[in-house]
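Engineer: Each protein sequence line maps, in turn, to chains A and B.
The opening position of the first sequence corresponds to residue 1 in the working numbering, with each subsequent residue numbered one higher.
The opening position of the second sequence corresponds to residue 1 in the working numbering, with each subsequent residue numbered one higher.
Since the hints were derived computationally from the structure, they do not count as laboratory data.
None of these values were measured; they are calculated from a predicted model.
A hint or two may mislead.
[Unchecked claim] Straight-line Cα separation of at most 27 Å, DSSO-like style, residue types lysine-lysine; simulated pairs: (1) B/K282 <-> A/K282; (2) B/K282 <-> B/K171; (3) B/K282 <-> A/K171; (4) A/K282 <-> B/K171; (5) A/K282 <-> A/K171.
There are 2 protein chains.
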Amino acid sequence: MPWDIETPAVVVDTTRLERNLDRMQALAASTGAALRPHAKTHKCLEVGRRQLAHGATGLTVATLAEAEAFVADGCPSVFIAYPLWAAAGTRPARLAALRERAELRVGVDSAAGAGALAAAAPGVRVLIEVDSGQHRSGVPVAQVTALAAECRALGLDVIGAFTHPGHAYGKPDLAGVAAAAADERAALTAAGAALEGLTHDAPVLSGGSTPTAEGGVAAPLTEVRPGTYVFGDRQQLVLSGLTEHDIALVVAARVVSAPRPGEAVLDCGSKALSSDRPGWLKGHGLILEAPEATIVMLSEEHAVVHGLTTPLRVGDLVRVVPNHVCPVANLASELLTADGEELTGRWQVRARH
Amino acid sequence: MPWDIETPAVVVDTTRLERNLDRMQALAASTGAALRPHAKTHKCLEVGRRQLAHGATGLTVATLAEAEAFVADGCPSVFIAYPLWAAAGTRPARLAALRERAELRVGVDSAAGAGALAAAAPGVRVLIEVDSGQHRSGVPVAQVTALAAECRALGLDVIGAFTHPGHAYGKPDLAGVAAAAADERAALTAAGAALEGLTHDAPVLSGGSTPTAEGGVAAPLTEVRPGTYVFGDRQQLVLSGLTEHDIALVVAARVVSAPRPGEAVLDCGSKALSSDRPGWLKGHGLILEAPEATIVMLSEEHAVVHGLTTPLRVGDLVRVVPNHVCPVANLASELLTADGEELTGRWQVRARH
């Protein structure tokens, strides 16, 4: 690569990004579902604006700080898809300020959380989080009616239910993703029935995850919240049917040490790539210039590469496709933009907390 | 805990911090070795100042940005203990600016890296990195003389050798640490002999790592570069003989979901704790309020806890000792300070890149 840049650096190919935005918007539109992308993947105002320009109805976020950053930039509607604890510190005031500037929706999965939210943001719109099989947060379907009734009694405006089929990431094959997508549809179908009579309008039934959405958006989902699709990553090459030509973000790194034959050290350690690695994925990233090699170990500033047959020398620049792209953006302060090999600018990562 | 804070938050106990600074300074002084702490652990000007006030001769850093932050704050001497690729972008100008304000030392482990450094920062002081058994960066002892001679031919000022015995982290016992410390001493002894006649003064022989230093600093080391000792972490409870009373940094987190008996979800995901976990350590952190439990899974904003017998409820605040503290500070924008249970202030994490 001809880039004379200081490494490690995160580089986004804007042509591929646009293609990814188009593809997901079309997938959602094919069944009339709203697309509300998860902005935690990029935390970047420029990408959020593009998502909205492509037709997204609003953005999904995980934290209050992310919501604030995108709303301050003009995003008309944000969904904090997380069981936010609303009672602490300045959160009531922050929630109030947010609601003055945008439509706000918040996730709820417990009576205690709902009580704190109702006190902090009276009457705010909520979606009940339902567990579709990941067993992280979210109530079982059997508890949706009771929790929704409790929310209503607290004065909250229940508008629907949401789930994240995170177990789609558990196995390295499309069959596992399809099974998780079926779980997602089943949980939201049941949640929709459980909310009968408890919402003013037809309930929002909001699904998530790039793998299940890339496989095709289908009823009963009225909304999808994929995040990773904007950039793609090494996990998505396996789980979403993406190819290397869909990957819109790489970590540019330099060989800084090559003390043994067939080995090298890159300057993209866990501070650039993060340590995220699903158990089924070998190594810590795909080196596009040396796909035969494995990043066997990361420390903060070192990526130790084994199994090289490509002759890499100290000073060479390589591009690494990270295992999981979301923490990579979170670890960066800026993203360089490129169109093919030409560097075109830089975007700040504004919504990091 | 009585703290009304927004979580996740990183909280530093300054009384314990001071005790840790005292202890390590005394360990180094016991053999007359210089202490040059690795500032990547905290990236925080206030902690760097305290280290210097306790008697550190300077600071160790991993990146140019870290060096710049501490030098701008008045640190008189920095060692970039990393085989920095000096030729890219603005690095030559940045190195020149650094050298005007402080003593600068840089690590070297290849002729190509030395060549780039000599062009970017003519005559700068360098230490040869030697591999003492981690097999990350660093040349074998047998190559020290040749590389040092090459550095001298390039006009660089060779002042010594350094190593990081990172293999001390490979096994969960003090015997493994003692073996790595023996490797560290042996490699530096051999490097010292290999540098005979190639340095102006007696060579700096610089060792590293908190586990090997906590076990006792000994000849031939003339300098030690521990980082983690300032805060301690869950790894160091095993590797350094530290106890829970030495732990000066915790991640404060709140229970945000408790959908199943014996389980809970905390809001300290991998964005707070990082995903760092050595193979020999079960789970992603120690919950001080529920030490019986295991953090079985992290996603960015969720820590899924299993095996709870402590009755944790949604909204409860807990303190988590992270597995590895360095990435935790890197992921935070500020550290809250506390004296026991009383919150006393906040420190910015200024040197994050």
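Engineer: For a C-alpha distance cap of 27 Å, please report whether A/K282 and A/K171 respect it.
Structural biologist: holds, 13 Å
Engineer: Does A/K282 lie within 27 Å of B/K282 when you go C-alpha to C-alpha?
Structural biologist: holds, 20 Å
Engineer: Starting from A/K282, check that the Cα of B/K171 is at most 27 Å away, please.
Structural biologist: At roughly 21 Å apart (the allowed maximum being 27 Å), B/K171 and A/K282 satisfy the hint.
Engineer: What's the verdict on B/K282 and A/K171, does the C-alpha distance respect the 27 Å limit or exceed it?
Structural biologist: Holds - the C-alpha atoms of A/K171 and B/K282 are around 22 Å apart, at most 27 Å.
Engineer: Taking only the CA atoms, is the gap from B/K282 to B/K171 under or equal to 27 Å?
Structural biologist: At roughly 13 Å apart (the allowed maximum being 27 Å), B/K171 and B/K282 satisfy the hint.
In summary, the structure agrees with every hint in the numbered list given earlier.
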